[in-house]
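Just so you know, the protein sequences line up as chains A and B, in that order. Numbering of the first sequence is given in my numbering, commencing with residue 1 and proceeding in unit increments. Numbering of the second sequence is given in my numbering, commencing with residue 1 and proceeding in unit increments.
Just so you know, these hints were derived from the structure itself, not from any lab. Note that the Cβ used here is the ideal one computed from N, Cα and C, for glycine as well. It is possible that some hints are incorrect.
Unchecked claim - Simulated restraints on C-beta separations:
{"#": "1", "chain 1": "A", "residue 1": "R31", "chain 2": "B", "residue 2": "Q163", "range": "37 to 43 angstroms"}
{"#": "2", "chain 1": "A", "residue 1": "M13", "chain 2": "B", "residue 2": "F4", "range": "45 to 51 angstroms"}
{"#": "3", "chain 1": "A", "residue 1": "R31", "chain 2": "B", "residue 2": "A145", "range": "24 to 30 angstroms"}
{"#": "4", "chain 1": "B", "residue 1": "P188", "chain 2": "A", "residue 2": "S171", "range": "33 to 39 angstroms"}
{"#": "5", "chain 1": "B", "residue 1": "A136", "chain 2": "A", "residue 2": "A136", "range": "53 to 59 angstroms"}
{"#": "6", "chain 1": "B", "residue 1": "Q44", "chain 2": "A", "residue 2": "L11", "range": "40 to 46 angstroms"}
{"#": "7", "chain 1": "A", "residue 1": "Q106", "chain 2": "B", "residue 2": "G141", "range": "40 to 46 angstroms"}
{"#": "8", "chain 1": "A", "residue 1": "E38", "chain 2": "B", "residue 2": "P96", "range": "40 to 46 angstroms"}
{"#": "9", "chain 1": "A", "residue 1": "T169", "chain 2": "B", "residue 2": "A16", "range": "48 to 54 angstroms"}
{"#": "10", "chain 1": "A", "residue 1": "A104", "chain 2": "B", "residue 2": "P188", "range": "44 to 50 angstroms"}
{"#": "11", "chain 1": "A", "residue 1": "G157", "chain 2": "B", "residue 2": "P188", "range": "30 to 36 angstroms"}
{"#": "12", "chain 1": "A", "residue 1": "A27", "chain 2": "B", "residue 2": "Q44", "range": "21 to 27 angstroms"}
As the list claims (entries may be wrong) - Simulated coverage check for chain A against chain B, where a stretch passes if three residues somewhere in it have a Cβ under 8 angstroms from a Cβ of chain B:
{"#": "13", "segment": "7 to 13"}
{"#": "14", "segment": "33 to 45"}
{"#": "15", "segment": "51 to 57"}
{"#": "16", "segment": "166 to 178"}
In case you want the letters, here they are:
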Amino acid sequence: MSQTLYAILALMMMATYSFNIAQKQIASQQRIITREVEEMAATVALEKIEAIRSRDFDAAVSDGRVDGDAGDLDEFSYPFTASGNNCRIFGGGNVCDDIDDFHAQQTLTEPFVFGADTVYFEVNFDVQYVDGNPLAPVSYRTFNKQVTVTVQDIWPGTTIPSYLHQPITLSRVFSYTF
Amino acid sequence: MYIFFDNLNAMIIGSAVILMLLSLQLRMTEINIEETANYMVKRQGADLATWMEDDLLTIGENLDATDTWFNDPVYALANGDSVTTSFTFMREQETPGGTVPVTTRYSLQPADTLVVDGVVTTAYRLVRDTSANGGAFVNGGASNALMSYFRLDLVNSDIKLVQNPSAVAAADPDSIWNVRVRFALVTPFETDQTTLHRVYYGSTLMLPMD
Chain A
1 MSQTLYAILA LMMMATYSFN IAQKQIASQQ RIITREVEEM AATVALEKIE
51 AIRSRDFDAA VSDGRVDGDA GDLDEFSYPF TASGNNCRIF GGGNVCDDID
101 DFHAQQTLTE PFVFGADTVY FEVNFDVQYV DGNPLAPVSY RTFNKQVTVT
151 VQDIWPGTTI PSYLHQPITL SRVFSYTF
Chain B
1 MYIFFDNLNA MIIGSAVILM LLSLQLRMTE INIEETANYM VKRQGADLAT
51 WMEDDLLTIG ENLDATDTWF NDPVYALANG DSVTTSFTFM REQETPGGTV
101 PVTTRYSLQP ADTLVVDGVV TTAYRLVRDT SANGGAFVNG GASNALMSYF
151 RLDLVNSDIK LVQNPSAVAA ADPDSIWNVR VRFALVTPFE TDQTTLHRVY
201 YGSTLMLPMD
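The following block holds chain A by itself, in its conformation from the complex (with noise of 0.2 angstroms):
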């Protein structure tokens, strides 16, 4: 009797073991995923981050209404009423060719192909004045203009979850220079 119940014990405590065992290799493939998810996604909010940058500072600046002294401040755009736009660079068909177009753009889904496989990413797009030290959004015109880039990945057509617990935030500063 002691032998059996000695037996089931046994059995007991290795079951228990390799439930442990099992959590662990999901948990380390999903860490080895996110990690490579969280790359790939890094990626693509440079790669936007650089396309904002090649834009100019405001569409004053686009229209010649700068002088190139501190009065082009009143000049600026503000509030920025481009929301919505699906700016040209990104496959959309509005022109923007300075900063702020960017604001609030349409929610772009950005395929990643790697190899035989494509991940998607829905990227958001935030743009606002900053000002002060440190920096800080503000609610009036400045020469700063931060832009956020929110990357967050997507399993469209299953029902897998995204592995990124919180979106990939990215963000720059562009300064008017005169």
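Given the coordinates of chain A, work out where chain B should sit on it, guided by the hints.
Same frame as chain A, but now just chain B:
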């Protein structure tokens, strides 16, 4: 002998437990091997990316916009993908005696053959050579020999690939804005449980502007 038969029940279950234990230990070892191999390759990839970024950010340094900053990247098929096999760029390095023209060349060289996810894959080494003052190229570093994919593109301000970028840049220097680099490294060995067969790195770097 009767001791054996008296404890037959314990013997059978004990053997099963020991076999399960060995199996689980093997699984644990595989998980640890995968994590370690993955981490090491990721670490090496990050180091490679860091020096490559430092290098590429000097493209055209101290050169005029009308000078040649780079030659067209050379592409070829490797492991089923179009990869960059060679890229050369120029800069002028400041020295106490004045500036010295320096040419840097990246070349992708086959180094090994590995089986990755059941597929025979050529592993490459990215070799960096430099030439100062028009002299012979000398080796200036290399990546590990685990690169399965390397792509370096010159792109415009919309991050779109520019064909024949050196000719385009000669006609209009502002037509090339960024260098886009993407590469993948394979792990040197795999287990049956391996989840991820390649680690990835990518960046988009702005060319220095006046």
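The hints, checked one at a time:
1. Taking 37 to 43 angstroms as the suggested C-beta distance range, the pair A/R31 and B/Q163 conforms, at roughly 40 angstroms.
2. The hinted window of 45 to 51 angstroms between A/M13 and B/F4 is violated, with their beta carbons roughly 24 angstroms apart.
3. The supplied range of 24 to 30 angstroms is met by A/R31 and B/A145, whose beta-carbon atoms lie about 26 angstroms from each other.
4. A hinted range of 33 to 39 angstroms holds for the C-beta pair B/P188 and A/S171, which are about 37 angstroms apart.
5. Evaluation of the 53 to 59 angstroms hint for B/A136 and A/A136 yields a pass: the beta carbon distance comes to about 54 angstroms.
6. At about 44 angstroms, the CB distance of B/Q44 to A/L11 agrees with the hint of 40 to 46 angstroms.
7. With their beta carbons about 44 angstroms apart, A/Q106 and B/G141 fall inside the hinted range of 40 to 46 angstroms.
8. For A/E38 and B/P96, the Cβ-Cβ distance of about 44 angstroms falls inside the hinted range of 40 to 46 angstroms, so the restraint holds.
9. For the pair A/T169 and B/A16, the supplied restraint of 48 to 54 angstroms holds, since their beta-carbon distance comes to about 52 angstroms.
10. Checked against the hint of 44 to 50 angstroms, the C-beta distance between A/A104 and B/P188 comes to roughly 46 angstroms, which is consistent with it.
11. At about 35 angstroms, the CB distance of A/G157 to B/P188 agrees with the hint of 30 to 36 angstroms.
12. For the pair A/A27 and B/Q44, the beta carbons lie near 24 angstroms from each other, so the given range of 21 to 27 angstroms is met.
13. Requiring three or more residues with a Cβ within less than 8 angstroms of a Cβ of chain B, the coverage given for the segment 7 to 13 of chain A holds, as 3 such residues are present.
14. Residues of the segment 33 to 45 of chain A lying with their CB closer than 8 angstroms to a CB of chain B number 6, which satisfies the three-residue condition for coverage.
15. Here the segment 51 to 57 of chain A counts 4 residues with a CB under 8 angstroms from a CB of chain B, which clears the bar of 3, and the coverage holds.
16. Under the rule that three or more residues need a Cβ within less than 8 angstroms of chain B, the assignment of the segment 166 to 178 of chain A is violated, with 0 such residues.
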